[in-house]
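Top to bottom, those sequences are chains Y and G.
So in our numbering, spot 200 of the first sequence is number 214, and the numbers just go up one at a time.
So in our numbering, spot 84 of the second sequence is number 90, and the numbers just go up one at a time.
Among the hints, erroneous ones may be present.
Claimed, not checked - Chain Y regions said to be covered by chain G (calculated; three or more residues, Cβ under 8 Å):
1. 148-158
2. 244-257
Unchecked claim - Computed list of lysine to any residue pairs in SDA-like fashion (alpha-carbon distance at most 25 Å, straight line):
3. K179/Y x N159/Y
4. K88/Y x G75/Y
5. K136/G x H175/Y
6. K9/G x Q215/G
7. K136/G x R33/Y
8. K136/G x A83/G
9. K179/Y x R126/Y
10. K88/Y x G111/Y
11. K121/Y x L48/Y
12. K136/G x M144/Y
13. K136/G x T26/Y
14. K136/G x W22/Y
15. K121/Y x L141/Y
16. K397/Y x Q244/Y
17. K121/Y x S76/Y
18. K136/G x I274/Y
19. K121/Y x G182/Y
20. K136/G x V353/Y
21. K397/Y x V277/Y
22. K136/G x D32/Y
23. K260/G x C283/G
24. K88/Y x L73/Y
25. K136/G x P256/Y
26. K121/Y x D65/Y
27. K136/G x T161/Y
28. K121/Y x M144/Y
29. K136/G x Q244/Y
30. K136/G x L30/Y
31. K88/Y x H34/Y
32. K88/Y x H175/Y
33. K397/Y x Q243/Y
34. K136/G x Q243/Y
35. K136/G x P95/G
36. K260/G x Q215/G
37. K179/Y x N150/Y
38. K136/G x S76/Y
39. K9/G x A252/G
40. K9/G x G254/Y
Hints are computed from structural coordinates only; laboratory data are not their basis.
Where is the CB? At the ideal position from N, CA and C, for every residue including glycine.
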Amino acid sequence: MTRLLALWTKETLALLRDRHGLAALFVMPIIFILVMTMALHDAFMPGAAIDVAYAIVDLDGSPHSQSLARRLGKTGSFRRVADPVTTDAARADIRSGRYALALVLPKGFGERLLTPAGSDGQATEALTLMVDPTLNPALQLAFRNQTSAALGMLRADELTHSAGKLFGLPTTARPAERDWPDEIVSTAVQNDRSIRPPSSVQQNVPAWLVFAMFFVVIPISAILITERQQGTLQRLAAMGLPFRFVLLGKLLPFFVVNQIQAVLMVAVGIWGVPLFGGEALAMPSGAGLFHWWLVAAAVSLTAVACALLVASLAQTTQQSTIIGGVGNILMAAIGGIMVPKFMMPGAMQTLAEWSPMAWALNGFHTVMLRHGDFAAILPDLVKLLACAALALAAATWLNHRQTA
Amino acid sequence: MLKVDGLAYRYRDAAAPALQDVSLSIPAGGVYGLLGPNGAGKTTLISLLAGLLTVANGDISLNGQPLSAARTANPRAIALVPQDYAFYPMLTVAENLAFFAGALGLAHGERRQQIDAAIAFARLEQVVGKRAEQLSGGLRRRLNLAIGLLGRPQLLLLDEPTVGVDPQSRSFLLESIAALPASGTTVLYTSHYMEEVEAICQRVAILDQGRVLSEGTLDDLLATAESSAEIELDQPLPPALAERYAATDLGHFKFALFFRSTVAVARLLDELAEAGCTVRQLHVGRQNLEQLFMRLTRRSLRD
Numbered sequence: 015m016t017r018l019l020a021l022w023t024k025e026t027l028a029l030l031r032d033r034h035g036l037a038a039l040f041v042m043p044i045i046f047i048l049v050m051t052m053a054l055h056d057a058f059m060p061g062a063a064i065d066v067a068y069a070i071v072d073l074d075g076s077p078h079s080q081s082l083a084r085r086l087g088k089t090g091s092f093r094r095v096a097d098p099v100t101t102d103a104a105r106a107d108i109r110s111g112r113y114a115l116a117l118v119l120p121k122g123f124g125e126r127l128l129t130p131a132g133s134d135g136q137a138t139e140a141l142t143l144m145v146d147p148t149l150n151p152a153l154q155l156a157f158r159n160q161t162s163a164a165l166g167m168l169r170a171d172e173l174t175h176s177a178g179k180l181f182g183l184p185t186t187a188r189p190a191e192r193d194w195p196d197e198i199v200s201t202a203v204q205n206d207r208s209i210r211p212p213s214s215v216q217q218n219v220p221a222w223l224v225f226a227m228f229f230v231v232i233p234i235s236a237i238l239i240t241e242r243q244q245g246t247l248q249r250l251a252a253m254g255l256p257f258r259f260v261l262l263g264k265l266l267p268f269f270v271v272n273q274i275q276a277v278l279m280v281a282v283g284i285w286g287v288p289l290f291g292g293e294a295l296a297m298p299s300g301a302g303l304f305h306w307w308l309v310a311a312a313v314s315l316t317a318v319a320c321a322l323l324v325a326s327l328a329q330t331t332q333q334s335t336i337i338g339g340v341g342n343i344l345m346a347a348i349g350g351i352m353v354p355k356f357m358m359p360g361a362m363q364t365l366a367e368w369s370p371m372a373w374a375l376n377g378f379h380t381v382m383l384r385h386g387d388f389a390a391i392l393p394d395l396v397k398l399l400a401c402a403a404l405a406l407a408a409a410t411w412l413n414h415r416q417t418a
Numbered sequence: 007m008l009k010v011d012g013l014a015y016r017y018r019d020a021a022a023p024a025l026q027d028v029s030l031s032i033p034a035g036g037v038y039g040l041l042g043p044n045g046a047g048k049t050t051l052i053s054l055l056a057g058l059l060t061v062a063n064g065d066i067s068l069n070g071q072p073l074s075a076a077r078t079a080n081p082r083a084i085a086l087v088p089q090d091y092a093f094y095p096m097l098t099v100a101e102n103l104a105f106f107a108g109a110l111g112l113a114h115g116e117r118r119q120q121i122d123a124a125i126a127f128a129r130l131e132q133v134v135g136k137r138a139e140q141l142s143g144g145l146r147r148r149l150n151l152a153i154g155l156l157g158r159p160q161l162l163l164l165d166e167p168t169v170g171v172d173p174q175s176r177s178f179l180l181e182s183i184a185a186l187p188a189s190g191t192t193v194l195y196t197s198h199y200m201e202e203v204e205a206i207c208q209r210v211a212i213l214d215q216g217r218v219l220s221e222g223t224l225d226d227l228l229a230t231a232e233s234s235a236e237i238e239l240d241q242p243l244p245p246a247l248a249e250r251y252a253a254t255d256l257g258h259f260k261f262a263l264f265f266r267s268t269v270a271v272a273r274l275l276d277e278l279a280e281a282g283c284t285v286r287q288l289h290v291g292r293q294n295l296e297q298l299f300m301r302l303t304r305r306s307l308r309d
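Hey, can you work out the whole structure from these sequences and the hints?
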């Protein structure tokens, strides 16, 4: 125990004096989380409100025209702004870029509601949609469709109401205020493939935490390679200190470093991201939090073991920085850290299954998004721990081989 | 104290063995010099003694006990001071000593005592709070040596302990090392500096190409029946004389000559006078270690 305590103290002091290592471990991932969460904010919100504004020029001012405007407003996809009073004012607003769409409801709209396109022989003034020509045609079409649907609903309700009165059928009182479309209820049917994709903060906090944890390769290899080059490892071996003690001496301090990283990154997700206008990270509680920590602990063991393997493979710190740094970036690119896995094509998603970072991220997402229990995270834990054991065994074997 | 008997070692994939049939006897209480050109097998021998390599052929025993058993019984019996600065540059002198004392497994009280003793021995009192990377070459060597003494070893293996230090530090280090046997530590000293070995070693072994070329007390090795002379003339040495005295041309009309006995010197001076050569300088006496070393290992470059 005296020996392990000495090793742990030495590693801690060495790390505390390695400013570059500390920056790579703590500052870099915080910046990544903040920047990437903000940058990818909207990319992670499928079906979110479209940030396109419209106005309604109600030249009719009838209950029917007001009802149509309300129905359109309830769809919520487009953002309604304060309405101009005249067509010319709307035109000027579109030209100046205040909004991109203006729907003109002509005078007599309410009266002519049930006789569209002059079906009674009299001319009916059409609804006019003024558009900014630079607006995405798909969005123009979407607005047109929404307007047609709302109009159709209004007309049908009006017809039912009038016909009901005519034939003495049971009808609701004025049904104009019903939500639209109330007939279609969305039900999410989840399975492994149709899992709700993570939000920006849910993707980025665990992703960059995993990335940062694997970056212990830089300080670990810097110290181990210096020890080998300077003959310190030889000296320790001559003192009768087994190599497994040297490995154990590095495992615990860097495990603690990884745990501090986890607390720090989660804190940034919960309190830091909202300061920049993002959504706060929601962490599981109770057993979920324990499962989250189990994943974090397994990721840490794998990261430290991989770092020890890289440090054993590399002969110089330059080599280890290249192998470790490039290796981490490749694992991150393949494993869905940089580009979320759900955005990847099928073949790439299969490839991602081979990156330990993907197992790590999947483990975190299982707990955070799917509220998975221990059995659900077990496959990822087993893969991570097996990888750690293999890397440690290989590192030990390589070091014995170098001294034999 | 330490006996090496018929030791051989070959590295994996190496064409030639690094050591073959090496037998040495290092008595307790002295400084034993291990000499050899680069690639002679010194580091391999030290690595085997330090337990970094496993003995495959031959025997090593410490105080009559096989080395592995002796190391198990007392892991601190043999300490290695590598040629490199084998400590942590980012830690202070005190932190380095505390770490290595801890790595040796010294209990708290003993640890404090050994650290203080090592600091006093290497006179590091003024720099205990300084980071090792800020120390001068001489102080680094002293720290390197101090760490080796933390476990109060019976045998201290020193690999080129004075490389890159100023004359003052070298003199201090040599004096300190020469004083170690008095406090119960036997020293195995390897160096390329012959005058250092001559100054502090009582016994010497000369190693080349994995074999021991010569081994014994320094006095015995240098006091051979043959005498050597270094002579400087005003012209080239006549070929007949050069052949008779196995002369080596040292350049600038300087020659190294060997005599069967010192009486031949008078005859040589007569012969030179007859040949019309003027002797500018003549140095006669027992060979020094460097001459012996160069003669045994030949003069060819090794790397």
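A quick look at each hint next to the structure:
As drawn, the stretch 148-158 of chain Y meets chain G at 0 residues by the rule of a beta-carbon pair under 8 Å; below three, the given contact is violated. With 11 residues having a Cβ less than 8 Å from any Cβ of chain G, the stretch 244-257 of chain Y passes the three-residue criterion, so the hint holds. For the hint linking K179/Y to N159/Y, the alpha-carbon distance of about 30 Å lies beyond 25 Å, and the restraint is violated. Between K88/Y and G75/Y, the direct Cα distance comes to roughly 19 Å. Compliance with the 25 Å bound is thereby established for this hinted pair.
A distance of roughly 93 Å separates the Cα atoms of K136/G and H175/Y; the hinted pair therefore is violated under the 25 Å criterion. Of the pairs offered as hints, the one joining K9/G and Q215/G holds, with about 20 Å between alpha carbons and a cut-off of 25 Å not exceeded. A threshold of 25 Å between alpha carbons decides the hint, and for K136/G with R33/Y the separation of about 18 Å falls inside it, so the pair holds. At most 25 Å may separate the alpha-carbon atoms for a hinted pair to count; K136/G and A83/G exceed this at roughly 30 Å.
With a C-alpha separation of about 18 Å, the suggested pair K179/Y and R126/Y falls inside the 25 Å cut-off, and the hint holds. As the CA atoms of K88/Y and G111/Y are separated by approximately 24 Å, the hinted pair is consistent with the 25 Å bound. The straight-line distance between the Cα atoms of K121/Y and L48/Y is roughly 52 Å, outside the 25 Å bound, and the hint therefore fails. Straight-line distance between C-alpha atoms of K136/G and M144/Y comes to about 78 Å, which puts the hinted pair past the 25 Å bound.
As the CA atoms of K136/G and T26/Y are separated by approximately 18 Å, the hinted pair is consistent with the 25 Å bound. Using a Cα cut-off of 25 Å, the hinted pair K136/G and W22/Y holds, with the two alpha carbons roughly 21 Å apart. A distance of roughly 10 Å separates the Cα atoms of K121/Y and L141/Y; the hinted pair therefore holds under the 25 Å criterion. About 36 Å separates the Cα atoms of K397/Y and Q244/Y, which puts this hinted pair outside 25 Å; it is violated.
Proximity of K121/Y to S76/Y is assessed by CA-CA distance (about 9 Å); at most 25 Å being required, the pair is judged to hold. Restraint check: the Cα-Cα separation between K136/G and I274/Y comes to about 29 Å, which exceeds 25 Å; the hinted pair is violated. Proposed proximity of K121/Y and G182/Y is contradicted: the alpha carbons are some 31 Å apart, above 25 Å. The hinted pair formed by K136/G and V353/Y fails the criterion: a straight-line CA distance of about 47 Å is larger than 25 Å.
Proposed proximity of K397/Y and V277/Y is supported: the alpha carbons are some 24 Å apart, at most 25 Å. Proposed proximity of K136/G and D32/Y is supported: the alpha carbons are some 17 Å apart, at most 25 Å. Between K260/G and C283/G, the direct Cα distance comes to roughly 12 Å. Compliance with the 25 Å bound is thereby established for this hinted pair. A distance of roughly 21 Å separates the Cα atoms of K88/Y and L73/Y; the hinted pair therefore holds under the 25 Å criterion.
With a CA separation close to 29 Å, the supplied pair K136/G and P256/Y exceeds the 25 Å bound. About 29 Å separates the Cα atoms of K121/Y and D65/Y, which puts this hinted pair outside 25 Å; it is violated. Among the hinted pairs, K136/G with T161/Y is inconsistent with the structure: their alpha-carbon atoms are about 79 Å apart, more than 25 Å. With a CA separation close to 17 Å, the supplied pair K121/Y and M144/Y stays within the 25 Å bound.
Between the alpha carbons of K136/G and Q244/Y the distance comes to roughly 19 Å, so the proposed pair stays at or under 25 Å and holds. Restraint check for K136/G and L30/Y: the C-alpha separation of about 16 Å stays at or below 25 Å, so the hint holds. Proximity of K88/Y to H34/Y is assessed by CA-CA distance (about 54 Å); at most 25 Å being required, the pair is judged violated. Among the hinted pairs, K88/Y with H175/Y is consistent with the structure: their alpha-carbon atoms are about 21 Å apart, no more than 25 Å.
About 33 Å separates the Cα atoms of K397/Y and Q243/Y, which puts this hinted pair outside 25 Å; it is violated. The straight-line distance between the Cα atoms of K136/G and Q243/Y is roughly 22 Å, inside the 25 Å bound, and the hint therefore holds. Between K136/G and P95/G, the direct Cα distance comes to roughly 10 Å. Compliance with the 25 Å bound is thereby established for this hinted pair. Note on K260/G and Q215/G: the hinted pairing is violated, with a Cα-Cα distance of about 30 Å set against a maximum of 25 Å.
As the CA atoms of K179/Y and N150/Y are separated by approximately 44 Å, the hinted pair breaks the 25 Å bound. Taking the CA atoms of K136/G and S76/Y, the gap is near 88 Å; set against the 25 Å cutoff, the hint is violated. Distance restraint check for K9/G and A252/G: the Cα-Cα separation of roughly 37 Å exceeds the 25 Å cut-off, and the hinted pair is therefore not satisfied. Between K9/G and G254/Y, the direct Cα distance comes to roughly 21 Å. Compliance with the 25 Å bound is thereby established for this hinted pair.
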